[in-house]
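Under the numbering used here, the first residue of the sequence shown is numbered 6, with each subsequent residue one higher.
Source of the hints: derived by calculation from the structure; they are not laboratory data. Since we're looking at a predicted model, the values are computed, not measured. For every residue, glycine included, the Cβ atom is placed at its ideal position computed from N, Cα and C. Mixed in with the good hints there might be a few duds.
In silico lysine to any residue, SDA-like type, Cα no more than 20 Å apart, as pairs [as the list claims (entries may be wrong)]:
| hint | residue 1 | residue 2 |
| --- | --- | --- |
| 1 | K61 | L118 |
| 2 | K192 | G159 |
| 3 | K83 | N93 |
| 4 | K52 | F30 |
Each pair of labels, with its calculated beta carbon distance range [claimed, not checked]:
| hint | residue 1 | residue 2 | range |
| --- | --- | --- | --- |
| 5 | G386 | S356 | 36 to 46 Å |
| 6 | P152 | E352 | 24 to 34 Å |
| 7 | S91 | G348 | 16 to 26 Å |
| 8 | E375 | I184 | 18 to 28 Å |
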Amino acid sequence: MLSLYFNFRLTGQRLIPDRIDSGLFYPVAYPQRGSTGSLSQYAVLLKTIESYSVFKFDVVIFNIAIDFIDSEIEEELKRSITEKYSSNKIILRFTRPSTLDEWKKDVEEVSCLIGKGSPVLVAMNHDHPFIDYTPEVFNVLLEKVFPKLENNFGKALYYSHAPEAISSAVNDRSHTKYIRQSGGIYKREVTSRGVLSIWVMTIETLGHILSRAMCSGSSYMGRIDWAGVEYDQLTLTTYLFPREFFKHYDGYRHVTGIRLISDISNAKSTVLQFPGDDEANGIVEFYYQRWIDCFLLTVRDALRNKKYSVASNMSTKSIFTKAIEESLDLFRIGYLEADVAAGLIHERRISVMEGALRSHIYYFGNLLFESVKTDILLIDGDGFYKYMNLIKRHMPSLLRRILKIIVSHLKSNR
């Protein structure tokens, strides 16, 4: 059964060293559209806490550190958690580990409460609310990745930042690339020096991660993926599923300038509302937005991937449409088939829905391509397209010249 280990600190201070390269898309981390009235970080926290209450956790642990906390805030948080959460055990502490030694001690203490080998939603950010329109799909996924009768040590399941994770899985061509399993789950075993704070894992795995941290036990460490903290050859098996379950509250404007991706910061509720199987037009629009949110970055990065352009001499349009078709295959698994299993749509509707969505995507094909192309030009510069066109233009003649040289060489050696 799933447990929650929620840790965060709200502060006005900058705790990440300035010398760390953030790698942002624009100088402003999360650009806003002329708004000065955005929610406070505390209000975002309350929305996130509320969104998690759709799950029936076994154990709930909150380690909360707020620099501006007072008795009124403490009471509001206690009330928000105890009234909304259904759990066998709830622990609320108004302090959070801040050094490696403190993290190790805290994880060791909570490991006595959480069942061995059971999944834990390790949340180290206050602003990654659950946004999916049903918790059922996520619960089923947990059962597949963390089955009760298996050894679940070393497993890590992505629960947030789906667009980036899916693109990495689909477009990565390294020797440690993800392998697609049955049911659309991607799996990769990798040894690295870094970790992420958006994983579901067992409490034993979290303890193992901390044991491999290469930093002073007393130096500041806000979370396991703290800037500058590395790990000693840490081997984990990571998993991801082609669906967006949780979402960074400010979206993905730190990695893209595309504004077609939905913005939950302006929504009344962070949780999506499913339109219903009988609303034909509404459900197509709804699924279209889910496709954009989850897969448009995958399409963008496929165009950036030189594998298609150079090796197969494909046209830009061919690469674009190939990426869309591959993403639709994943969408069918991650959304349509999963929603059928969750009882949201009827199985006989899948082919009709898939066809309507496919047509809808290509209706806006030029608009989508312009958005993607602009992103690529800003990331890679126009040299990318110039290089691709140069290769395509001269490759046939170059191959003929190489062939002539080879034939001439063979004749001279007779």
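Evaluation of the provided hints:
no.	hint	in the structure
1	K61 / L118	holds (16 Å)
2	K192 / G159	holds (12 Å)
3	K83 / N93	holds (16 Å)
4	K52 / F30	violated (27 Å)
5	G386 / S356: 36 to 46 Å	holds (42 Å)
6	P152 / E352: 24 to 34 Å	holds (25 Å)
7	S91 / G348: 16 to 26 Å	holds (21 Å)
8	E375 / I184: 18 to 28 Å	violated (34 Å)
The structure shown violates the earlier hints numbered 4, 8.
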